[in-house]
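Chain by chain, the residues run as shown.
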Amino acid sequence: MLDKEKLRKADVFSGAAFFLFGLWVVSQAFRMPMRDSWGGVMNVWYVSPALMPLFIGGVMMLLGAMLCRIGLKTVGFEIFKGTLRWLASPDLLRVLKSDVSVRFYAIAVLFLTLVFVNLPRVDFFLCAVLFLSVFITMFYFLNDSLLQKFLRFYLAGEAVFIVFFAFGLHSPTDETPSYAADVLALAFIIAYLVYVWMKTRSQAELRKKFRIGLIVALTTPFVIGPIFKYFLMVPLPKEGLVVAALDYVWYLEFL
Amino acid sequence: MSFFDSLVVYGQSLMEVVSDPVHVLILFGSVLLGIIFGALPGLTSTLGVALLTAVTYSMDAPTAMVCLLSIYVGGTYGGSYSSILINIPGTAASAATALDGYPLALKGQAGRTIGLSTSASAVGTIISMLFLVTVSPIILHFALQFTSFEFFLLAFFGILISGTLTTPDLVIKGWISGFLGLFLAMVGRDRLQFFPRFTFGFPDLDGGIEVVPVLIGAFGIPQIIQVLKDRVEVGEMQKLQRIIPEFGTIVRNIPKIIRSALIGVGVGVVPGIGEDIAAWVSYGAAKNTSKNPENFGKGEITAVLSTEVANNACVGGAIIPLLNLGIPGSPPAAMLLGALMLHGVNPGPMITFEHPKFIIECAAILLLASMAMWVVGMTLAKQVVKVLRIPAPLFMPIVGLLCIIGSYSLGLDITNLYLMIPVGIICYFLTEMGYPIAPLVIGVILGPMADENLRRALMVSQGTFWPVFTRPVSLSLVLIIIWLVLVQVPAVKTFKNRMVDRIFSALRKKSKSTPNRPEA
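Respectively, the protein sequence lines represent chains A and B.
Position one of the first sequence corresponds to residue 222 (this note's numbering), numbered consecutively onward.
Position one of the second sequence corresponds to residue 381 (this note's numbering), numbered consecutively onward.
Keep in mind the hints are simulated off the structure, nothing from the lab.
Quick reminder that beta carbons are idealized off the backbone N, C-alpha and C, glycines included.
Hints may contain errors.
Said to hold, decoys possible - Below, a sample of chain B positions facing chain A; criterion: calculated Cβ distance under 8 Å:
(1) 549
(2) 563
(3) 570
(4) 777
(5) 812
Said to hold, decoys possible - Covered stretches of chain A, as calculated for chain B (at least 3 residues, CB under 8 Å):
(6) 223–235
(7) 273–282
(8) 333–340
(9) 347–358
Only chain A is shown next, with the shape it has when bound in the complex (with noise of 0.2 Å):
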């Protein structure tokens, strides 16, 4: 948490901005039937769906309001200026770039990228060990430099699939599955592990931290997907190359 000072500061903003939420919900909720007819029923004001709409957003009107009041009061105008300023000084773009904020920055990426881009389009177990060996490198080795390097490595691979996914290549064009994807993916995991090789094998304690991270990040998939798949019988998000070998063991259609 943030300390009490500038907990205050942010009370102002935060107050403000759930004041305007409560406002768009009042909004919202005045389209809503108070008292035409829905549905062949006919609304009065105690059974329309605004009525707790209205009384939410009227109720966040005020408890925002009242923070921001709270705010502005335990801070004072004249710092609450000075703070306005100092979001619009360049100090604003150096806290923006500041090692913790990169750190929070590479861990909603990770997220944000293997929900949205990968997991639709990717077998899981692929995703999975793209998920786990940047996550593990950029922390594990707890050198933001490193962190830096990894992340924008990792970007320029998950630009590279957003503009493959955003043409169209991994659908399958005719009966046969197309593993285009997956192919594209296996293709990044190798890159990936080889960039980070190479800028960790000069020093004996990241290389063992390497050789650590490789093995969590490769076997644990391997753990939990088969687990979900195969024991709780829950179909993976995507099945692709990796999952279509896993069933012709599991089911022995070599034999």
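Mind docking chain B on chain A? Use the hints.
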């Protein structure tokens, strides 16, 4: 159900679990997993229950309860390991244990302290289990007379009290968090008229927001971000000697145990506030009533006893309103509610009609879970504490992956993940700005209950709120809600504190002025 029938059902439930090797394996495995989740800083019993909910989806309800209650009990206890050995609470529930547990470990008494914490936790859980079976029929008797107004006011009270007591900063933030949760519960088609609210034309949102993935996101993602962003490091771990059960200490401190258990159950019954508050209140009570309060914070064994009894007694306490009213008493109980709904069990007053044996079965599972926890704690503590050496950058990404696959597996809908990640990131920012997450979770869970019951109540009363003032329970709840809100106003708070001071000083004056009786 008569007392004798309840005993028979209790015995049958115990035998059903104990006689099936699979159930025994699930019991011990879940307790062990819960202890590991509790011991590792950054993981919580709430997250453990959430992740295991996905795994238990294909099980029947009683087996799922064995799994989930065991991990809940184990997780609440497991936090004491890291509190005692490395002075970092594994869970918020064991933060108070660190105050005296770690100094005891520094004196070379880590084994004795962990043994005491294990026995105390088991005793606390068993006492709360007794409350569950004795208090439930009484609550159910009253709850069956509740109408829609009472249920709406109970839901609203739950959100308000959770916001008031769990906020680390201003109370207003707790209330905002609760109302944000209420808003999330409004997304989707309303249950009475099927009108789409806040769906923005997306058919995937018509069914509303899935509760369990949102809860996983709200609890899991902020923890992962915080631990890795702040590079939380585990300090040097104290040496763990032989674990001693400390039965003698337990027997010598029975009055303290009963007091701590009552505090734990009492706090657990209040919606949304959880084990950490129970532990702190119990610690405060133990210190205030101790003959040597100056020893607290320096390695006082009864402090550890009080906190561990209270936080585990809170487990049973939190389940009382969960099963009888459908209102969770703590964040892990909120996860349990989501899990129960997935298994087709709707907690509330009707549970005795739809599933007459369910509460007794849960009580039997609590007893077995506490015994399993004691056995695992006594025999495997030395091995389990080795997990504390695993660096966070290795296990947190795995937890992240489990959150993703766990959320997806409930409903097999990737939309759950599309909601889970943004909710998780927003909750992270809210946590950084001092907004508690527990009221948001309570709001999401109780929102539909509040909405439906308010409109139903007004339909019956033709738009008037008059029945609120004519029904005793409704009136009491309204007065408590008004008091909760008014007491936050500075002028009212000052007036209240002044009145309380005046009353106490008058009582003190009266006791000093009473002359001593002459001896015979």
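Here is what the structure says about each hint:
At a threshold of 8 Å, the smallest CB-CB gap from residue 549 of chain B to chain A is about 6 Å, leaving the interface hint in force. The beta carbon of residue 563 of chain B comes within 5 Å of a beta carbon in chain A, closer than 8 Å, and the hint placing it at the interface holds. A cut of 8 Å between beta carbons decides the hint on residue 570 of chain B: the least distance to chain A is about 4 Å, and the hint holds. Given hint, residue 777 of chain B at the interface with chain A, holds; its Cβ is 4 Å from that chain's nearest Cβ, closer than 8 Å.
For residue 812 of chain B, the suggested interface contact is upheld, since its CB lies about 6 Å from the closest CB of chain A, less than 8 Å. As drawn, the stretch 223–235 of chain A meets chain B at 5 residues by the rule of a beta-carbon pair under 8 Å; at three or more, the given contact holds. For the stretch 273–282 of chain A, the stated coverage by chain B is satisfied: 5 residues place a CB nearer than 8 Å to a CB of that chain, which reaches the threshold of 3. For the stretch 333–340 of chain A, the assignment as covered by chain B holds, since 5 residues bring a beta-carbon within under 8 Å of that chain's beta-carbons and 3 suffice.
Coverage of a stretch by a chain is defined here by at least three residues with a beta carbon nearer than 8 Å to that chain's beta carbons; for the stretch 347–358 of chain A and chain B the count is 5, and the condition holds.
In this structure, none of the earlier numbered hints is contradicted; all agree with it.
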